[in-house]
Amino acid sequence: MSERKIILGLLKKNTRFWVCLSLVLVIVILALIGPLVTPYKPNQPVVRDGKYLRSLPPTIEHMHLFGVDNLGYDVFAASVYGLRVSLSVGAIAAIVATVVGVILGLTAGYIGGWADLVIDGATNVLLAMPPVFIMIMVGTFYIVGLGMPGRELQNILFLGCLIGLLSWHWTARAVRSQVAALKVSDFIAISRLSGNHPIKIIVKDVLPNIASYILLVFVIQLANALSTAVTLEFLGIKAAEWSLFARVQQWLQMGALITGVWWALFLPGVVIVMLIASLYIIVLALEEVFNPRLRRV
Amino acid sequence: MSSVLKLEKYKVYYKTFVDTVKAVDGVDLDIRRGEILGIIGESGCGKSTLVQSLVLPKPPMFIAGGSAKLLDSIELTKLSSKERRKILLTKIALIPQYVLDAIPVIKKINVFLRDLAKDKKMKYEDVLNTFIDRLKLVNLPQKVLDMYPLELSGGMRQRVVIALSTLFKPDLLIADEPTSALDVVTQRYVLELLRDLVTQKLVGSIVFITHDISSIRQIGDRIATMYAGKIVDVGKLEEVISSPLHPYTAMLIKSVPKLENSYRVSRLVGLAGAPPSLVNPPPGCRFHPRCPFAMDICRREEPPLTNMDRDRYVSCWLYSKR
Amino acid sequence: MYLAGFIQRGDKDMSEAVLKLENITKIFRLGLLGKTTIKAVDRVNLDIVKGEILGVLGESGSGKSTIAKLILKIYEPTHGRILFKGKDIRIFKGSRGLKNYYMHVQGVFQDPYASFNPRRRVLSTLIDTVKNYYPKLLKEDLEKIIVSSLEKVGLNIRDVMGRYPHEFSGGQLQRLSIARALLVNPEVIIADEPVSMVDASTRIDILNIFIDLKDKEGKTLVIIGHDLGLTRYVSDRVVVLYRGQVVEEGIADILSEPAHPYTKMLAESIPRIDKIWGSKIQYGVGSIELGAKGVGCVFADRCPHRLDICIKKEPEYVDIGKSRVKCWLYTSK
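Protein chains in written order, with numbering that gives the first Met the number 0: chain A, 0 to 296; chain B, 0 to 321; chain C, 0 to 332.
What the hints contain is simulated information worked out from the structure, not anything from laboratory work. Please note that a few of the clues may not be correct.
To be verified - Restricting the straight-line Cα-Cα distance to at most 25 angstroms, the calculated cross-link-like pairs of lysine-lysine (DSS-like) are:
#: 1; chain 1: B; residue 1: LYS257; chain 2: C; residue 2: LYS213
#: 2; chain 1: A; residue 1: LYS199; chain 2: C; residue 2: LYS92
#: 3; chain 1: C; residue 1: LYS151; chain 2: B; residue 2: LYS253
#: 4; chain 1: A; residue 1: LYS182; chain 2: C; residue 2: LYS312
#: 5; chain 1: B; residue 1: LYS235; chain 2: C; residue 2: LYS274
#: 6; chain 1: B; residue 1: LYS257; chain 2: C; residue 2: LYS263
#: 7; chain 1: C; residue 1: LYS213; chain 2: B; residue 2: LYS253
#: 8; chain 1: C; residue 1: LYS135; chain 2: A; residue 2: LYS199
#: 9; chain 1: B; residue 1: LYS257; chain 2: A; residue 2: LYS12
#: 10; chain 1: A; residue 1: LYS203; chain 2: C; residue 2: LYS92
#: 11; chain 1: A; residue 1: LYS11; chain 2: B; residue 2: LYS57
#: 12; chain 1: C; residue 1: LYS274; chain 2: B; residue 2: LYS253
#: 13; chain 1: A; residue 1: LYS199; chain 2: C; residue 2: LYS98
#: 14; chain 1: A; residue 1: LYS12; chain 2: B; residue 2: LYS57
#: 15; chain 1: C; residue 1: LYS138; chain 2: A; residue 2: LYS203
#: 16; chain 1: A; residue 1: LYS203; chain 2: C; residue 2: LYS263
#: 17; chain 1: A; residue 1: LYS182; chain 2: C; residue 2: LYS130
#: 18; chain 1: A; residue 1: LYS203; chain 2: C; residue 2: LYS135
#: 19; chain 1: C; residue 1: LYS321; chain 2: A; residue 2: LYS199
#: 20; chain 1: A; residue 1: LYS203; chain 2: C; residue 2: LYS130
#: 21; chain 1: B; residue 1: LYS14; chain 2: A; residue 2: LYS11
#: 22; chain 1: C; residue 1: LYS98; chain 2: A; residue 2: LYS182
#: 23; chain 1: A; residue 1: LYS199; chain 2: C; residue 2: LYS151
#: 24; chain 1: A; residue 1: LYS182; chain 2: C; residue 2: LYS34
#: 25; chain 1: B; residue 1: LYS257; chain 2: C; residue 2: LYS92
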C-alpha cells in the first residue's frame, strides 16, 4: 500500500490534529474577518454618549466581547487587528527563516566541503548571539515611527525579516543533516549513475523526500516566530500601535492589573497561547504520521 | 503422538484503511510434542502474521476463523489478554524476528527479570538463578545482567532472548527468522542451540519460520511449506527434501545451489513470477499462475490438504483426488 | 583445471585488467570531532579482468560495499588509486567527467525499493536516464533502447508502463534496476548484494541475467555478496574479504576447497541443503568489528590454527596454485 494512502489514512484518524487545526483556522479567520465585524477601531478610544468609556468588563452589549481596557480601547477590536499584525509578522518570519534555511541547508548538506564549513560557521555565530537582545537593539533603532498608523506595512515586513534572519539556522541545521544522510544513500547514488545533474537531483530527488520534514520545521518556525513577535511587543518593539500586547507598558504604568482590568491582558493572551500551542500539537501529530517509527498502529 | 498445537482452518486477517489482507487463510497444521517443525515461506506468504497471532495478536490483526488448540485444552483464539499474558513464556514463547521487539530497551536485563518474576508471581532469586544457568548454555558471561539490551551486539541479544524464552520451560517455542542479521558462525550456533533446547527438554517443541530451506535441513524433524496464506506441503524432513511433492517446494529446493554448482557446469532455473496478493488471491489453487504443471482444475478449484499416508500431506491436484 | 573461454590465474598478464585497484585504503571518520576512525578497506589490490565475473565474498563489516562505492566514485579512496583501462579514475570529475565514467561503469544496489524515487513512475526514471546520456537521439530510438534493456532482464514494456516502484515485487524491481544500468551499455557492472533482499526462488533468475550479460555481450561483472553457494554459482574468480583485507583470491572452485582458515570457517558454518553438519564447530563466536586491528593477522583472534607469528606479524600473500592466500600456514619456512 502506498505511503501516501497510509499518511492520509492516519491523518484522518488523528483527532488531536483536527481539533488543533480547527482552532488555528478559527483564529486565522478571526484575524481576517474580525476587523470587518467589530464596529470599533483599535486606535480610537470608545466614545458613547459623549463620554470616554474605560475599564468595562466583557459584555455582549454594544459588542464589547472582550471588554474595554483602562485606556478606553475596545479589547476585541485591538485583539483582532493586533492578531493580523502579529500573524503577519510571524508568517513572514517563518517564510524567511524557512526559505533561507532550506537553501543554505541544501547547499551545506549536498555540496559539503567549504560550503558546509562556511554555513556551519555562520550557524555557530548565530547560535552564540542572544536573539531577543539583538532584536530589541535593532528594533529600537529601526522601528519607524513607533508604530504610528501608515507605517505598519513597512514595520511588519521589517520585523518579520529581522526575526526570520535570526532564526534560519535551526532550519538550516535540520535540513543539512537530512540532506547529508540522503546524499550517501543508494537512491541518490543511482540518480547520479543515471547521469542526473546535481541541481536536478536536489530538486527532483532530495526535496520531495524532505518536503514533509520542511513542512514540520516551517510550522515550528511559525510557532516560535509568533512567540518572539508577541514577546517583543511586550517590550515595546511593535509593528503597530495596536499590536496585540503593544499597550502593555502603558497599562502597567497605569496600574491596569491593580485596578483589575484583567480581561485586557488575559483574553488576547488566551487567544495567542492557544494558537501557538495548537501549532506545536499539529507538529507532534504530523510527526507521528510522517515518521513510521512513531506510529502507534 | 500427542499434539502441542493444533491449527484447524485457522484464519488471521488484518484490516488496512483500504482493504482486508487475508494473511493466514485457512491453515491446518499439527505440531507434535518433542519435534522441531520448520516452516518455509517467502515474502508475502503470511508467516509472520501466523506467528504473531498465536502469541500476541494486536489490531489491526484479527482472528477471522478457525481454531488453534494449545495442549488440547487452551483455545488460543478465544483468550482474553490477561489469559494470554499468563501463558506467555510459561506455555508458549516467541523469539520475534526483530529482537528489540521482545525485550524493553530501556531496562537493564536484571531489572527486566525482576519485573518478569513479579508478573509471573515467582521469586526473583529463582528466576535469576534459572537465567544464570541459561546464560551458560548460550555461552554468555554473567555481566550481561547488568547491561542494557542496546549495549549488546545483535548476536548476543539474540542469545539473551533465547535464554529468556526458555526460563519457564514452555511447551512450544516459536522462532521467527531466528538467524537473520547474524553472521554466519553465530547463525550455525543459534540453529544448533535451538536443537539442543529440545534434546535437553528445556522447551517442549519448536516451530521455526524461515525463508532459508537449508537451515531447516540442518535441524528440522518435519518441514511445512507455506504459500499465499496456506500450508501446502507437510512431511518428514528427509522425505520432503529428497522427493518433494508440491511443485513450489520442489522449485524452492532446486533454487538452492549446492556448493559444487557452477553456472559453467549447469545452469539452475528459478521460479518465475511473484507471490500473489493476499488481498485478492487468484481463484483455485493459489500457486497455479506460476506452476509449470497447472491443469484446468487448478484454475478453478482449490485442492484440499490430502493425507498421502506415511504422515505426508499435500495440497495439490496432482495428488489429491476429487 | 582449465576450462575453455575462462581466464585462469596464471593468464592474468596476458589478459586485460579493465579495472585495477592499487593499494586501496578507505578510512572513515566518525563522531562529532572526527576522532574515531574506521578503516573499512585496508590496502586492497585487485585486478578485474575484462569479460570475467568476479565474485566478492564477505560478511558485514568486511568492506565489500565500500569497495563497490569506491569503484563507482561515491566515495574517494583515502590512499591508493583505481585505474580504469589504465587511467586513474580521478580524472573523471565534475558533472561531465562523471557522466563519461558512468557510460562505462554502472552499478546495481541491494535494495531495489531504495534505488528508485518512490514518487516517480519507474518508466519516467528510465526515460530520464536515456535522455541524459543520449540527448540528441530521437524519441523512437530512445524507446528502442529502453525496450531492448527490458527484454534483457525478462520484462515487457507493457508490464512496466504507468507503474510506481511500490507496485512491483522485489524481484521485478531488481530486474528494473539492472535494466536501468544497461541503458547506457556499460562495459562493467558492479552489483552490490544484488539478490540479498530478493526471495530465494527468484535469486537464481537474477543471477542468470548477469551470467547472460557476460556470455552474450562480453560484459565484465563484479558481484558482491555474503552467500557462499550463490557466489560460487555465479563467479569465475572470487575474492574473499575479511575486515577490509583480501584474505584469499582465486578461481571460484576454491570456495568448495578453501585454503584460508576464514574461508574454511565460512564453508563449514553455512547450512547446506545437501549435507548435514557434523561435529560442533570450535570457532569463537566473537562479534565482527569494522576495520582491522593493526598488528598481526586480521583473523588471528578467531583462528583455531593460530601460530605465534600470526599475532605478531601480518602474513604475506602466498601463491598456492588455484589461489593466493594471506596466511602464515602456507608460507614455507
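Self-check item: Restraint check for LYS11(A) with LYS57(B), where alpha carbons must lie at most 25 angstroms apart
Solution: holds, 21 angstroms
Quiz prompt | Restraint check for LYS199(A) with LYS98(C), where alpha carbons must lie at most 25 angstroms apart | solution = Given pair LYS199(A), LYS98(C) holds - Cα atoms ~14 angstroms apart, limit 25 angstroms.
Quiz item: Taking only the CA atoms, is the gap from LYS182(A) to LYS312(C) under or equal to 25 angstroms?
Solution: At roughly 39 angstroms apart (the allowed maximum being 25 angstroms), LYS312(C) and LYS182(A) break the hint.
Practice problem: Given the hint that LYS235(B) pairs with LYS274(C), test it: the Cα-Cα distance must not exceed 25 angstroms. | Solution: holds, 16 angstroms
Quiz item: Holds or violated: LYS14(B) with LYS11(A), Cα cutoff 25 angstroms?
Solution: Between LYS14(B) and LYS11(A) the Cα gap is close to 16 angstroms, so the pair holds against 25 angstroms.
Quiz item: Does the structure keep LYS257(B) and LYS213(C) at a Cα separation of 25 angstroms or less?
Solution: Between LYS257(B) and LYS213(C) the Cα gap is close to 22 angstroms, so the pair holds against 25 angstroms.
Quiz item: For the pair supplied as a hint, LYS203(A) and LYS135(C), is the alpha-carbon distance within the 25 angstroms limit?
Solution: Roughly 23 angstroms separates the two Cα atoms, so the pair holds.
Quiz item: Between LYS138(C) and LYS203(A), does the CA-CA distance stay at or below 25 angstroms?
Solution: holds, 22 angstroms
Quiz item: Between LYS199(A) and LYS92(C), does the CA-CA distance stay at or below 25 angstroms?
Solution: Given that 25 angstroms is the threshold and the Cα spacing comes to 18 angstroms, the pair holds.
Exercise. Take a quick look at whether LYS203(A) and LYS130(C) sit within 25 angstroms of each other, Cα to Cα.
Key: holds, 16 angstroms
Exercise. Compare the distance between the alpha carbons of LYS182(A) and LYS130(C) with 25 angstroms, and conclude whether the hinted pair is satisfied.
Key: holds, 23 angstroms
Practice problem: For the pair we were handed, LYS257(B) and LYS92(C), check the Cα-Cα distance against 25 angstroms. | Solution: Roughly 44 angstroms separates the two Cα atoms, so the pair is violated.
Going through the hint list in order, the structure does not satisfy hints 4, 9, 16, 19, 23 and 25.
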